Structures are given as structure tokens and as C-alpha cells.
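K.L.:
Could you put the whole structure together from the sequences, leaning on the hints where they help?
Residue numbers (numbering that gives the first Met the number 0), protein chains in the order written: chain B, 0 to 571; chain A, 0 to 85.
Calculated directly from the structure, the hints in this document are not laboratory data.
The model shown is predicted, which means the values in this text are computed figures rather than measured ones.
Certain hints may be false.
Unchecked claim - The list that follows gives simulated cross-link-like pairs (lysine to aspartate or glutamate, DMTMM-like), each with its CA atoms no further than 20 Å apart: (1) Lys55/A <-> Asp25/B; (2) Lys337/B <-> Asp462/B; (3) Lys95/B <-> Asp25/B; (4) Lys55/A <-> Asp462/B.
Said to hold, decoys possible - Stretches of chain A that chain B covers, calculated by requiring three or more beta carbons in the stretch to come under 8 Å of a beta carbon on chain B: (5) 17–30; (6) 46–57.
Positions of the beta carbon are idealized from the N, C-alpha and C atoms, including for glycine.
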Amino acid sequence: MRFKGVAGSPGLGIGYAALYEEPNLDWQHVVYSGIEGEKARLNEAIVTFKADVTEMANRALEKHGKEHSDILKRQISLVRDPFFLQQINDLIDGGKVAEGAVNEAAETCVEIYRSTGDERIMQRITDIMDARTRLLTLLLKVETLDPSTLPPETVLIGKDLPASIIAALNLANLAALVPESGGFTSHGAIMARSFGIPLVTGLQGVFDSVKNGDQVIVDGNQGEVITSPDHETLSSYVAKRQSYLEDQKSLNEFLNLKTLDADGQAHLLFANIGGINEAKIAKANGAEGVGLFRTEFLFLDRTTLPSEEEQFRIYSEVANIFAPNQVIIRTLDVGGDKNVPALKLPKEENPFLGYRAIRFCLNEPEVFMTQLRAILRAGAKEKNLLIMLPLVTSLDEVSSAKKILETCKGELQAKGQEYDQAIKVGIMVETPAAVSMAEELTQVTDFFSIGTNDLAQYTLAADRGNAKLGQLCSPFHPAVLKSLKRVIEAGKKANKLVGLCGEAGADPLMIPILLGLGLDEFSVSPSSVLRVRREISHWSLERAKNLTNEVLSLTTTQAIKDHLQKALKTAP
Amino acid sequence: MLTYTTTVANETGVHLRPAGEVADALLPLDCKVTVMKNGRAYDAKSIMMLTSANLKYGQEVELICDGPEEEKAMVLIKNLIESQES
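P.N.:
Right, dumping it as C-alpha cells:
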């Protein structure tokens, strides 16, 4: 059977199903053995708990790093928490069996966390629930899957796979992970990507249709799970995996290299990130810097705004990861289409043409200034942070933003705080207006970064999310290519760095054009970095320029794509 | 016994991660550590108790450390309450 889900972590895993199930933790049958008896059982369970989890935490630290072992260590902190233990003991004194006491004490703790109303604290509720489950499992002596002793080629499948389970896995024997619930940014997916284990999530029915030991194919590139494949399917995937692994191996040869074209000329190859985790993944994937840090991820799905300190900490960490190389931080790019409850932005009829990004920031400078101060301070040490303004359509907007930036500098100066006095300010070029004004905009900006997704959408008046419009919203449309040419030329003439941070930068068909036009910096998703580096290595500047000139003389998207495809096929 | 009165210095309140680290560090110390807020006592060795105290910016608290290792304990708890790091 074939199941379609979300590709959470790339790669192809072929192996045998191991089902992870929440153990049956019913304790109605347990008979109260007296205060002494229950406390003895409790203590035995706690001793085993600490020993087991300490061992898992140590292994996790060694194999996956501190972040993952911390998840487990927090559980140990909980089972030795004086308040938690007191609660359990009081409940046992009152006639509860150890299981009931643990459960009720855990609920009290959950309630304490929940009543704070603080999102960061509420996120830790899973720690309590995981610890509760483990304690009950030990008390009831229920058999559970031991994540550290999986048989080789295991595909671990669960309705949900708790972070504490994933952190404790023996990766050497793990072929793939399939948590049915979750998404690309769920904790399990992030962990799987950092471990390089294929993961497919966001699907239903796999768990119920598979038995332990069934053969399973997990395609983390396409987001597919195939259970009990027939012989033909299996052999095709074995071949696919083989070529995928060979491809990965050839890509890995580019890991610690500079980004050089066939002439040996160096280009900047950066990554687009949304937070610290992705920054680490990007770095591990060979990114030389950050061309786009989408800070809106710090603001989404929470009811309070991130404080200056919180932002400062995050920006500083990313700055440190890439120092001395550049990290371009895009200031808040939100509008009515993105869920930022803390900003209470009204729903709009045309959010993409509405009150968003720089327009919002200039109108409600409080939020903007908090972010600018955080960036200025985080740049103090390494001086490698740059500020990028989104959705700019005029010089006024840049001047106003810079005026606000100067006010922020003044505030920091007055408080005696350190900051990067000479921080560079650039803009996203993603509107036709910015393209038309590119020459003038070089006078007020330090750099450009072209956002091809939005530039194509605004240039062609075509919603990029509307499937009915098909290929209309294409960066290969001659109007978009002409815009790229104009912006890159304007930047070069004024000696300003020009980058590109849209998906198009990773497209093998687009790469020769960007090289031919003289783009300075490519910024792509972390998983595309090595592929782009390899692609760039195939092109000499002369060949890229010739091809670009040919393409620019063509008049339709289709003709351009056909020409490029032909050129790539006949490449030397 | 050591006592010390101070106010929560962090604009966003006392944070869970550092509070957890401090509770863990206090636990083995031979000393009782109490945070008094509005006349209620919270055991600082318990992250649950500290969290339930819901310490917010500017609130006045009294720190009480009592036992052989009270000086060590006071430094830890004082740093937590007076930390400005978020």
C-alpha cells in the first residue's frame, strides 16, 4: 500500500516496521499494598527511571548533542523534584496506589505549567507527560519498545513518536522514521534532518495497516511510505536508494570546498534559514553564510511578541554559527496571510498587496524597533549581521527605516550598550517598483537581494499559490529575466552586492543565467547548498554568458526553458 | 540563616531553563532554599514550585537560605532572580 504524506527529512529508507505504541497504562487492577509497599514500588521505579534515562541522556549527548540529551535530562530533574515527590508521597499516604499517585501528581504539575499562560513554559508539558508515561510503564512493568536496542534496518512507525523516544534511538540500526502526526517543522522532523534519517509524517493509516516486521519503504524526498511492496517496486527503490546515496556521496565531496565555477572564480553560496536549528543544518550542509534569515518564524504561532532579549539571543547565536561570514537578517515580513496572533493584524482582501512587511513596520515602529535593537546588539561582537528590508517600493521607505534605525542606535548608545555602529542595510528586490527604481535605490542601500518568488508573482500578477495558473508564475518568464538583468546590472554599476534568495537560485536551469548576469551571492535552502555548489562548478563564465545572451533574446517562457534544457543536455 | 530581599530583574519574568538549572544545582546542597512572595513560601529546589510562584518583572521577593551551604545557595538563587538574560 502507498501512503502520501509530508517529506520531513530527505533520503530513502528501506527496512522492517517496528511499531511504537503508547503502552497500555491502565492500573485499575493494581491493589493497594499499604503505604510502605507502595512507596517501595515507587522508589524502585524511580531508581530504574534515573538509571535508564541517565544512560539514554549520555548516549544522546555523545551521538546527537546537548539539545537532545537535555530533553532527557529534564525528565530526570522532574523525578527528583521535591514538590513532585512530595505530592506523590502525600497521595500514597492518602490511600492511592503508586500509579494513581504518579498520575495525579503529574496532572498537578501540568496544571501548574498551564496556569502560567506562558507559552515557553507550556511547551514543557510534554516533558511531564513523557516522564509520567515512563514512570507508569516501570511501575506496571509493561513491556515497551526499547529505543536503544532496535534490530538493524528498523523503520519506526507510530501514531506519534515522542521527542524523548527519538532522542534515545540507536541510529545505526534506524532506516527511517514515520510519525503519523506532525509536519515539516515538528520536533521529530527537525531531529531527523539533523541526524540525516529519512522521515515522512502527516499521514494516516500506516500504523493501523502495518505489522511488526513488515517490509516498508520510506521516501523522504517525495513524502511517500510504501508498505509490503511487491518485488518490482522494491527493486526499483533499492536502485533509487543506490543512486541517491551515490549522488549524496558525490555531493559530500563539495562539503568543505569553496564555491568555484569552472574557471576557478569564487561565488558566495549562502542559505535561507528560519531559526537556530536551520542555521546549524545549513552550516553542516556547507553554507558559507545566511542570505535570508526569515525572522517571522520567531513571531508565528504565539500570543506574545518575542522580547528584545529573546531576539538578541537568537540572532547572536546565528551570528556566532557563521562568523566571520555574513548573516542577512530580513526584518519582520508579515501580513494578513500569516498567523501572528500577537500583532492582531486584520484579515485583508488582498494581503499580498496590503498592510504587510515594511509597510507595517514603518507604521507600527515599536515592534520594528525592538527587532532592530536586537539585531544591532547581536551584531556588536562579530559585526557580521546585515539588515534587509522586505517589500520595498520606494526610496522613502528605505530612508524612513534608516531614520528609525538611527533612533535605535541612539537609544543603545544612551544605555551604554554595545552595538554594530556600521551595520549594513539592504533591501529585498521583489516588487516591479523596486526593479524600476533599482539604479536610484543603490544610492540608499548597501546591497540587494532578489526575492524571485514574489518578484515573479508581482511582475506577472499571478498568485504563486494558485494551481490553476499553472506555469504562469515562472521566474523564467522573459519579463522576470529582464528584471533580474536590470537589478544585477544596477547593483554592479554602483558596486553593491547583489544576491538572490528565492527558490530559483537552486534551479539548475536558472544557475547559468544568474552566473551569466554576474550575480554575487546565491542563497538557497540548506538542503540545496551542495547541489548548487556542484552545479556552479560545471559552468565557465563564458559559456554561462553566451547562454544568457541567447536566452534573453527569446520571447516566451516555454522557448526559454526549452533552450536551457537543450543547452544543459548538450553540456560538455 | 541568610535572608535577602530583591526584585525580579528580568522584564519577561524568571525563565524556566535557567530556573531548572538552578533548581538542579541547589538540590544536592545541604541547605533549605525558600523564595517568599506575597507571604507565601516556595521551595527553590523544586522547579515546579518555582514555576508556580510565577515570578514577574519588578515583583519583590525575599530569599531565605538556611543550612551549612547557605552561602553557596544564596549566590545561585540571587543570580537567578536578578538575572536580566531572557
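K.L.:
May I ask which of the numbered hints given earlier this structure violates, with the numbers listed in increasing order?
P.N.:
Violated: hints 1 and 4.
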